[in-house]
Amino acid sequence: IKDTLMRTKPCTIRVDMPLQSDRLPPLSTDPNRCEAAFVGNTIGQANGVYDKVLDLRFCDFTNDKNNLKGKTLSAALMSGAKFDGADLTEVVMSKAYAVGASFKGTNFTNAVIDRANFGKADLEGAIFKNTVLSGSTFDEANMKDVDFEDTLIGYIDLQKLCRNTSINEDTRLELGCR
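According to my numbering, the sequence shown is numbered sequentially starting from 4.
Don't read these hints as lab results, they were simulated from the structure. Please note that a few of the clues may not be correct.
What the hints assert, rightly or not - Listed below are the simulated DMTMM-like cross-link pairs for lysine to aspartate or glutamate, each with C-alpha atoms no more than 25 Å apart in a straight line: (1) 147 x 117; (2) 147 x 67; (3) 163 x 117; (4) 163 x 150; (5) 163 x 67; (6) 132 x 153; (7) 123 x 93; (8) 74 x 117; (9) 163 x 153; (10) 85 x 33; (11) 72 x 127; (12) 107 x 127.
Stated by the list, open to error - Using C-beta positions, here's what the derived DEER-type ranges look like: (13) 34 x 173: 20 to 30 Å; (14) 35 x 179: 35 to 45 Å; (15) 158 x 30: 14 to 24 Å; (16) 135 x 180: 12 to 22 Å; (17) 147 x 32: 27 to 37 Å; (18) 33 x 165: 19 to 29 Å; (19) 65 x 42: 38 to 48 Å; (20) 171 x 32: 33 to 43 Å.
This one's a predicted model, so the numbers in the text were calculated from it and none came from an experiment. Note that CB positions come from ideal geometry on N, CA and C, so glycine has one too.
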């Protein structure tokens with residue numbers, strides 16, 4: 004519902020309800036917005052608080068092996084971005100919005116990923132070895148051949164993750180899915 008009217012006796016209040024596509028800010032026009040990932044977002048890491056939007060939407064970091072290691076990508080907007088084959092070891096991602104992004108073969112070893120949204124993302128062959136995954140969602144994501152060796156995942160998060168039908172049988176056994 005785009006428009007909702009709420010009526011009270013003394014006055015009428017108009018409430019605009021955003022559509023799914025209206026929730027994100029406009030794409031940044033900064034010509035160096037993709038390079039901002041190489042610096043990261045260093046303020047308020049744990050809670051995803053930031054002073055400036057880290058807008059990485061539609062950026063291409065394919066096979067980047069040096070620039071993203073250990074960076075803090077808190078509250079990053081990553082929709083439509085490509086990280087295929089990139090090295091994201093020891094990255095910190097808190098409240099990242101990566102819906103529809105591509106992470107094929109991406110290495111997340113020793114990363115901390117907290118409350119990230121990977122809905123409809125392509126994570127085929129991604130490596131989450133020894134990674135902390137908490138509160139993150141993977142709804143309709145491609146999770147084929149993902150490696151979760153020694154990954155720390157809470158019980159509730161594991162239950163949600165195991166609902167993803169693209170996870171192959173070997174990975175289900177590794178995770179302990181029932």
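For each hint, the structure was consulted:
Pair hint residue 147 plus residue 117 holds up; C-alpha atoms about 21 Å apart against a cutoff of 25 Å. Using a Cα cut-off of 25 Å, the hinted pair residue 147 and residue 67 holds, with the two alpha carbons roughly 22 Å apart. Using a Cα cut-off of 25 Å, the hinted pair residue 163 and residue 117 holds, with the two alpha carbons roughly 15 Å apart. For a cut-off of 25 Å, the pair hint linking residue 163 to residue 150 stands: about 17 Å separates their Cα positions.
Among the hinted pairs, residue 163 with residue 67 is inconsistent with the structure: their alpha-carbon atoms are about 30 Å apart, more than 25 Å. Proximity of residue 132 to residue 153 is assessed by CA-CA distance (about 6 Å); at most 25 Å being required, the pair is judged to hold. A threshold of 25 Å between alpha carbons decides the hint, and for residue 123 with residue 93 the separation of about 23 Å falls inside it, so the pair holds. Taking the CA atoms of residue 74 and residue 117, the gap is near 14 Å; set against the 25 Å cutoff, the hint holds.
With a CA separation close to 18 Å, the supplied pair residue 163 and residue 153 stays within the 25 Å bound. Between residue 85 and residue 33 the alpha-carbon distance is near 18 Å, which keeps this suggested pair within the 25 Å criterion. Simply put, residue 72 and residue 127 have alpha-carbon atoms about 20 Å apart, close enough for the 25 Å limit, and the pair holds. Note on residue 107 and residue 127: the hinted pairing holds, with a Cα-Cα distance of about 5 Å set against a maximum of 25 Å.
Checked against the hint of 20 to 30 Å, the pair residue 34 and residue 173 fails, with Cβ atoms roughly 44 Å apart. Range check, residue 35 to residue 179: Cβ separation about 44 Å, and the 35 to 45 Å hint holds. Between residue 158 and residue 30 the CB atoms are about 38 Å apart, so this pair departs from the stated range of 14 to 24 Å. Between residue 135 and residue 180, the C-beta spacing of about 19 Å keeps the proposed range 12 to 22 Å intact.
In this structure the supplied range 27 to 37 Å holds for residue 147 paired with residue 32, their Cβ-Cβ distance being about 36 Å. Taken as a hint, the range 19 to 29 Å is violated for the pair residue 33 and residue 165, whose Cβ atoms sit roughly 40 Å apart. At roughly 20 Å, the beta-carbon separation of residue 65 and residue 42 lies outside the given 38 to 48 Å, and the hint is violated. The given range of 33 to 43 Å is respected by residue 171 and residue 32, whose C-beta atoms sit roughly 41 Å from each other.
In the structure shown, a violation is registered for the earlier hints numbered 5, 13, 15, 18, 19, in ascending order.
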